[in-house]
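**Student:** Let's have the full structure, built from the sequences with the hints guiding it.
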Amino acid sequence: MDFLSYDFLFFFLLLFIIYWRLDRKKQNLLLLLGSYFFYACWDWRFLFLMLFVTGIGYICAIGIYRAEQKHKNSILWSSIAIHAVVLFFFKYYNFFIDNFNRLISDIMRVGDISSFWLDIILPLGISYYIFKSLSYNIDIYRKVIKQPATSFLDYALYISFFPQILSGPIERAANFLPQVAAPREFNVKFFSESCYLFFWGLFKKVFVADGLAQIVNNIFKEQGVVSGFDVLIGAYAGTFRLYADFSGYTDMAIGIAGCLGFRTMLNFNLPFFAKNPFDIWRRWHISLSSWCRDYIFYYLNRARLRLGLIGIGGTSLAIIITMITMGVWHEASWAFLIWGLYHGILLTVANALGKLSGNFLPDRLKKKNKWLGALGMFITFHSFVFGELLYMSTSTYKSVGQAVNVIRNLFFNFTLTSGSATFLVIFIFHTWILIVIEFFQFIKNDHFVVLKWNFWIKTVFYVLLIWLIVLYWGFSGPGAFIYGEF
Amino acid sequence: MANFNYKKHFPWSFVAAIMIFFLTQGTLAKLPAFWQTFYKYSEPIMGRMFRLEAKLYFMPDKKSADKRVIILGGSTVAQGYDTKYLNTEFLAKGVRFYTIDIPFGNPVQLFLLKDRIVKEKPDVVILMPDVGGFYISEHGLFSLGRFFPYTVTWDLIFDPDIVPYLIKHLGVKEVFRERAVFLDGIVNKVVFPRRHRFVLTGILEKMVNAALTGKKPDFQEYYFTTGCSPDFYEKTEKRFRSENKRSFEQSKLTPLCKELFVELVLYFQRNNIKVIVVDSPMNQEINSLYDNKLNTLYNDFLLEQANQLDLVYVSLDELPSFDKDNDYIDYDHLNAQGREKMSKFLQQYIESDFENFFKY
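Sequences listed follow chains A and B, in order. Numbering of the first sequence is given in numbering that gives the first Met the number 0, commencing with residue 0 and proceeding in unit increments. Numbering of the second sequence is given in numbering that gives the first Met the number 0, commencing with residue 0 and proceeding in unit increments.
Simulated from the structure, these hints should not be mistaken for laboratory data. There could be a bad hint or two in this list.
What the hints assert, rightly or not - Residues of chain B clear of chain A, computed beta-carbon distances all greater than 12 Å:
1. 282
2. 295
3. 300
4. 335
What the hints assert, rightly or not - Covered stretches of chain B (chain A as the covering partner; in silico rule of three or more C-beta atoms under 8 Å from a C-beta of chain A):
5. 8-17
6. 169-182
7. 190-197
What the hints assert, rightly or not - Pairwise CB distance ranges (calculated):
8. A:397 - B:219: 39 to 49 Å
9. B:25 - A:96: 58 to 68 Å
10. A:98 - B:224: 48 to 58 Å
11. B:164 - A:47: 35 to 45 Å
12. A:98 - B:214: 51 to 61 Å
13. A:442 - B:163: 51 to 61 Å
Cβ atoms here follow ideal geometry from the backbone N, Cα and C, with glycine treated the same way.
**Tutor:** Structure representation (structure tokens):
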């Protein structure tokens, strides 16, 4: 069941009407059953896997909480191991077999393990709920959460909450569980904001993301030579498309959760206005990047200190490992591994430069300077776009040479083709509203800046968006959400 | 549900925006200038459903003394009749001709149009369904549209009257499985720009292009203006055989199509419209594609219906002979010369017994 389907519309309307007539316990039960139904519409068999992960997370949390200090560690590691095995089997097993087989059969020529390849279906949302369950256990261990959930149903709702199950955000239990335990109040202002978020997310998906897809698919295809200018437009379009698609989905998810009275975490905070590579990860896919920071980077950082790796080298290693993990979290592929490595190197360089500038730059340059800020934004944005280009070219082309060629064209074959002007016009047409609105959001530092506009300006703006959504709605509905595949 | 401060926080501007949207789209759908301008920019194939609606929109209210003939079918209708010629020939007698064509031209599609046709009060409907349309696979009915997104019409002209027939022939399960198509159809009935979203955005792009370059695109009336390449038939036959197409094996008319054809004729007749069924001219080359000779079963069926229902049937034998090399563009679409022949034939056919032609 997709957010943008008639089935979901009927499902949500029915649930919404019943939901606000019930007391808290019944609301939670309804949401849990609704979430399981939502998931079962995709494939009911994998509900058992979700229940298994839920059970493990719940039991281990109680175990960690109640056990003596010396046993806490082993319970936590058992929990991490079980979660990792489940995730590895469904998501990474075949990738591992493929590559290991290539190594021993094609390169070393010592054997063949291709028969170990299994026809595995990747369960929808597995990366999201495994990470949710893991973070809950670690938070209990670290005492970020003072005590585990008293009700299994509440915890099961946290894991399976339907607005977040397909593509996140990867909500933290510390934020969600207290809301499940507390009575919910229907607040008209919050409801209006949530509806607006859903509407804005829908616009981003239908008009911006799906509109830009035609450029990306035209430029990055297996056949044909791509000119440098087209690669540049393709890289911009691909980055904006990914952003509009994923943040559009997230906005819708947050909006739906908001209609049910839940305040969920922000997943995107105007990432293209980030001033440095660290800042962008505080703004882009926040729930994943903060997860990796809190549960991988901090751990690695402590470990390297324990091992005596003091200095910039140790930090860099921790950063790179964290970013590679973040890359392969998306998908078991070399393209994402390279993407993670690239961002790891970028952060390492930024870290080193930050340290150097701290030591050597004069004080007047260290002070806030709007031009330096703008330059920082420009460089950060383009380094991010380059990362997306790396991913797009490595995932599109089968041969490494072709992928390298495309990137080389960007710098050494910067020519215009007959289609270049069209690509540029389509790109501008599908992005200008998003850019203008985000600019207002940035200067006012308010995500709901539109809601504060004059009644008639707001109305005209909504009419424009409705027209564009209606006209650009795909033939068989909007395209699939990119992050739904992860 | 404690906070009910609706007056202040309710999204009134959004409600107003929805109302304005419906108002603007409703107004647009009623504006002659909109239809005229967009019709000129529309393309015959991609914009055929838009053109269909535009044609129905531009059909003037019928005066009581006038006679109206609607020629209804698939692309062979659009390509096969010259209404300008016919209207000139019958101007003095007050007869007006209109061609209404729908993708595939099969009875299912034609059935969906029945109310729209009746609303225009024709005296005679000349039905020229596509022969191939009677052989569609029932279980490929919906997926057929999926493969040809720009010619699909289900969601554009949806008529709920068809649902009982679909349930009868396809079963509740399949109809339920394809529920989104029906729901789309209902939404599209209300939201006009959604119905024609692809055509409208395409035309808008053309308009912008025309404004920027100062060149207006030429108006194209017919689907095909040039003939096929000399090796077209040979190549198609080869492709057909290599792909082992399903339709190659069709050996019976689809029961759903047969039933809907009968229902359509009866519906027109109940509304005092005379129905004449005219066979589609067919290039002999088509027999190399279908071993079962498409026309045999089709003709038998129509002959049987002509006897059972009070309808006139003009078979292939009565049509003028069309030359396979000079009158066709492909297997079943006529070129300008073929169109002239077909239109003249219809003119003579009507003239030969004008008094009785409109009697029903």
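**Student:** For each hint, tell me whether it holds in the structure or not.
**Tutor:** To see whether the hints hold, each was checked on the structure:
no., hint, verdict
1, 282, "holds (32 Å)"
2, 295, "holds (37 Å)"
3, 300, "holds (33 Å)"
4, 335, "holds (33 Å)"
5, 8-17, "holds (count 9)"
6, 169-182, "holds (count 3)"
7, 190-197, "holds (count 5)"
8, A:397 - B:219: 39 to 49 Å, "holds (40 Å)"
9, B:25 - A:96: 58 to 68 Å, "holds (59 Å)"
10, A:98 - B:224: 48 to 58 Å, "holds (55 Å)"
11, B:164 - A:47: 35 to 45 Å, "holds (41 Å)"
12, A:98 - B:214: 51 to 61 Å, "holds (55 Å)"
13, A:442 - B:163: 51 to 61 Å, "holds (59 Å)"
Comparing the model with each numbered hint stated earlier shows that all of them hold.
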